[in-house]
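> One line per chain: the protein sequences are B, X and G, in this order.
Using UniProt numbering, you'd call the opening residue of the first sequence number 1 and step up by one each time.
Using UniProt numbering, you'd call the opening residue of the second sequence number 1 and step up by one each time.
Using UniProt numbering, you'd call the opening residue of the third sequence number 1 and step up by one each time.
Just so you know, the hints here were simulated from the structure itself, not pulled from any lab data.
In this text the structure is predicted, and so the values were computed from the model without any measurement.
A hint or two may mislead.
Any copy will do: because identical chains look the same in the list, a pair fits if it lies in one copy or spans two.
[Unchecked claim] No more than 20 Å apart at the CA atoms, straight line, and that leaves these computed lysine to aspartate or glutamate pairs for EDC-like:
#1 K378 to E48
#2 K220 to D288
#3 K131 to D379
#4 K429 to E383
#5 K336 to D69
#6 K220 to D69
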Amino acid sequence: MQDPLLCLSVNSVFHPLTDSSTNMRLKLPIVCFILEIILIILFGVLVEYDHDTDARDFHNMSHHDYENDFYYRYPSFQDVHVMIFIGFGFLMTFLQRYGFSSVGFNFLIAAFSLQWATLMQGFFHGMHGGKIHIGVESMINADFCTGSVLISFGAVLGKTSPIQLLIMAMFEVTLFSVNEYILLSVLGTKDAGGSMTIHTFGAYFGLMVTRVLYRPNLDKSKHRNSSVYHSDLFAMIGTIYLWMFWPSFNSAVTAHGDDQHRTAMNTYYSLAACTMSSYAMSALTAHDGKLDMVHIQNAALAGGVAAGTAGEMMLTPFGSMIVGFLAGIISVLGYKYLTPVLEEKLKIQDTCGVNNLHGMPGILGAIVGAVTAAVATKDVYGEGLHDVFPLVAEGKREASVQGGIQAVSLAVTLGIALIGGLIVGFILKLPVFGAPPDTICFEDNIYWEVSLRSFITNSTSHDQNQNNTHLHSLDVSITSQNQ
Amino acid sequence: MQDPLLCLSVNSVFHPLTDSSTNMRLKLPIVCFILEIILIILFGVLVEYDHDTDARDFHNMSHHDYENDFYYRYPSFQDVHVMIFIGFGFLMTFLQRYGFSSVGFNFLIAAFSLQWATLMQGFFHGMHGGKIHIGVESMINADFCTGSVLISFGAVLGKTSPIQLLIMAMFEVTLFSVNEYILLSVLGTKDAGGSMTIHTFGAYFGLMVTRVLYRPNLDKSKHRNSSVYHSDLFAMIGTIYLWMFWPSFNSAVTAHGDDQHRTAMNTYYSLAACTMSSYAMSALTAHDGKLDMVHIQNAALAGGVAAGTAGEMMLTPFGSMIVGFLAGIISVLGYKYLTPVLEEKLKIQDTCGVNNLHGMPGILGAIVGAVTAAVATKDVYGEGLHDVFPLVAEGKREASVQGGIQAVSLAVTLGIALIGGLIVGFILKLPVFGAPPDTICFEDNIYWEVSLRSFITNSTSHDQNQNNTHLHSLDVSITSQNQ
Amino acid sequence: MQDPLLCLSVNSVFHPLTDSSTNMRLKLPIVCFILEIILIILFGVLVEYDHDTDARDFHNMSHHDYENDFYYRYPSFQDVHVMIFIGFGFLMTFLQRYGFSSVGFNFLIAAFSLQWATLMQGFFHGMHGGKIHIGVESMINADFCTGSVLISFGAVLGKTSPIQLLIMAMFEVTLFSVNEYILLSVLGTKDAGGSMTIHTFGAYFGLMVTRVLYRPNLDKSKHRNSSVYHSDLFAMIGTIYLWMFWPSFNSAVTAHGDDQHRTAMNTYYSLAACTMSSYAMSALTAHDGKLDMVHIQNAALAGGVAAGTAGEMMLTPFGSMIVGFLAGIISVLGYKYLTPVLEEKLKIQDTCGVNNLHGMPGILGAIVGAVTAAVATKDVYGEGLHDVFPLVAEGKREASVQGGIQAVSLAVTLGIALIGGLIVGFILKLPVFGAPPDTICFEDNIYWEVSLRSFITNSTSHDQNQNNTHLHSLDVSITSQNQ
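Using the sequences and the accompanying hints, generate a full structural model.
As structure tokens, this is what we get:
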């Protein structure tokens, strides 16, 4: 490092644009502090322990400690929690130079979203004497809402500043709660695993945001928009955790008893079948029959998304497998053929392909849910019909009407997601939020301290048109604007 | 890449044999689709929700939702699930260029096996009016059977195509179910954690398969049959998850109450003692006293295997520790001294050393189980004897006879595993299955898209007989100050 | 490798001091075997299954299998277990060349400590007819005590041999148990999540040990005391697991029912708020506004530490958020400004900054606990007061006195930790334990077999003030045939 020329070059490489709009020194602290202080004040004014978490309330009645809902929801909650923070976080580490941001911004916006979602969902789900009551079920729901934000994050991955993400999360959590309220409370829709409320909503909201934020010159960062060997292995950690715990996700807030049990099992078989068809399609669509990590990391999960609505219903294991099987096929085809078209024709730059993992499989799940609801009978569900379709069991609604309502709910979700994404996308275009320039997308070094050594180790030869001044050209590529 | 010489070299290295028998473009999709469609049809015909997952059945009787078995098995199931997909998957990522295949093929064959095992085990465990009833316990058993297949995968790791693995899984699941049926249903053997049914069976089945598939010229791929720094860290993720959740594995299907509780605790102490002896032996057997990652990654787990049969018995914590302590010693000695002998003398190329992790510790576990069963008394077990040794408690069998049956069961398991592995090994030799050539074993690039960049970063010195051009430019980049 | 000069160079680099005091060939096996044999003997003499794990005892009374404590503690136990082995283990893999030791020594000393802690805690917590009774709750407590040892490990990370660590663990577990006994049994202190007993104790014990082991010439290993890109991602696995499961940690041994439920939820919100303030402070304290991985990996966890004592109390969600918010700020400030001062002025070389993650947030947690206890009223807690403050509920102690006792407990903990660390530090200075020399700290290669290739891949430019020879010889090794 004594070489002055190298030092010069290194400085210019690793501290690019430090006085530009992407500098977060004041912006990020201000946004984080303001948001958190607002959250704390609102929690102080509005939030109370619910019956199962309040010392006085819980001891006020005669029941056994073991009847506390903690014991019947908390293991599911922890599995969901792992999906949100490890699953989503590491799934997105596939990019070669964006691992810190993937797992780190995932962490930040999830930590914010779950607090904000507690308030928004509590507000819409019904206040108790002006207070929001919280416990393990509200924690699961807050994590669910957070999942939807993280799906949208996948669409804009690599092209947004942490402040943009926090602003997006703030609006998206609000709109998510509105949509969830309309579906679950107003329409009486069933969607325990969130094929509509979480996946479809999050995907199409994110796709619309990324459409509005379209970058015509994104190919200047194209060399970073791909994986290296170990980044793909990190991403597989995310994939496998999402895959394993999806049965817990879909069953986390269904009714207790057979409902949770059945939902978990349906999801388990849907995912297994989906994995088989994803591998098949990945090999089939490659010119040389080689499997593509992108498909395995993502399409194999589509079976969980597609079982999100009907999972709690009497879908049967074999019905679940058919759903998963189709979801895997659709998802791989989407990655292979639809994503490039979306980018070229519709100007939708969908970094993680959330349309293929969450969007289309979510719509499939909504349709399967509508059909399964429409054919529900007392003969099949017995007294269990009260758990799954209470309005039908009470005679307030025909099963076919329930099916129709489910289909309408999909349309409502798509509408709110697309319009919401449109508006929020334009808000995020404000230059003050510090988005990265087109030349330095998919790059940790803008928002994170990254040691020089790291870059050399991890991308020794990333630029393929070079002579011997190899390291020199490396620097050049990092700071293309220096050219 | 404009250098034509380099391109040539790169092409020959990174796209080997694309039009050869290893091309999976049609084979893999055909096999996956046929298998999955058969599975879906058989599930449609044969499989039903069990009492605890069926909406009508569960609501047909008066019991509380909280009595659903979901709440008493599902957390164990999820721990087992993590062991199968993360534990086994990442344990095998230690190879420098086989991470995609390790975790990816693990994923594929596990997704297939758990479905097929549901049918096979359901068929043997007793049909209900011609139907297989499934719920969380059958899901755990399906995962257990899958674990056995993955143990065999460890023996043939790096030397098989995904189609070979699927074919192997199909036969192994079937034979596993036969063996399990003979032991648990016919002989009345106790083996809740599967020292025999899972570990011994999977290990010796896999060892026989790899013996039949012996490759005399495997040393041509020797330079890839080793780890690099970060691949060993990925493997430690697998190790630690297996280690942590093994108490859940061994206790997942034991009787409820003290039985599950005791099994988990015995396994916990067995593993702790095993870790201590593994570290001791690893240092002792190294000429310079340095610890070997292979031992730590594998031998430290032998205590879980060895507590698989006796874990549910009144083994006592200190008995468990002795078992684990011995298992660690045996396992390290196996890796150090037995594996090379097996390869040279018996032509058994055991990539992961499953004989040392699952084979010998499994046999140890079976013997410990037989002895512990033989000395069981009503005095020690009280009324709990009905849970652990129902035949002994009902006076239908002496404890010593139970011990003898346990020993016989080990012999039966070894017999079925070895004969089964022999036959299946010969089936897998059919050239149509697309096994990799000897020169390109332990290599992801045959079956996976791997970017050129990845290989350079991760295996700078991977091919030692290449022309100078390529590697030279790499060197230049590493030693910039030399320029 | 045929170049004799290269061999020389490689040997001197990659096999340093193999015949020196750091050789573990006999020392480590002897220590491990002696410790484990002592443990086995003591377990044989002293340890028995408790009521819920003993076959006869549990079946001796009429209760349902589902009432076994296994079902109400084991999921929490497994979460804690993951924190101990994956959380702590991977959190410390951030160092570029110390991943094997971080996760491997973590594994070894945890496996030892949990056994030794079972005995020590059992001895102090009250024997039953001369016997220690164990079950899932003692397993959690043993893991807790282990956590304290691992915190101290963080302070001395990279500068100690495995034998030193085992010796340290032996003494620290003992002193931990003494301190825990004084607090929980003698003083009647409440500290379910261990702000004092685990975090404060472990941090200040470790800081005192590292003070006594001060190395004036540690800067000779300075170039290895930093991260590379992928090592930071491995560390994030540890961080995220600790963060996710901290609610389980703090609630694992609280009273059943609302207490566990409330504790988990308080911790969840404390951590979320802490993450927000950590990100804010990390950007604010960087001259260019870039986030620092060290802060994110550590400070974001301080909210869990700080909620360790008051988490089970009626802290309210908004109170929890304030606590977490402050903890994040304190922790980042500590990393940024206090750690360098401690090293320069007080000669405390705190590798992981445990003072910032466990020390100061632990003290904060103790103070918050004291204040919250002092203001506890029957009005707020109702009958639940018996669970949280039994002495206050029974009228044996005023709430204000309880608060005072909590404050005294912090002083007691600090005293025992500091004096204990002082003594143990001097013991660890004995040269026979094989500490690494100043020039080769933070280096796996002393105690682990590490392949030559690994080092090349992972630390191409590790030494920045070396002459050309070294790096040149590295290149030579990469392309040996080029020479």
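> Are there hints from earlier that the structure breaks, and if so, what are their numbers?
2, 4, 5 and 6
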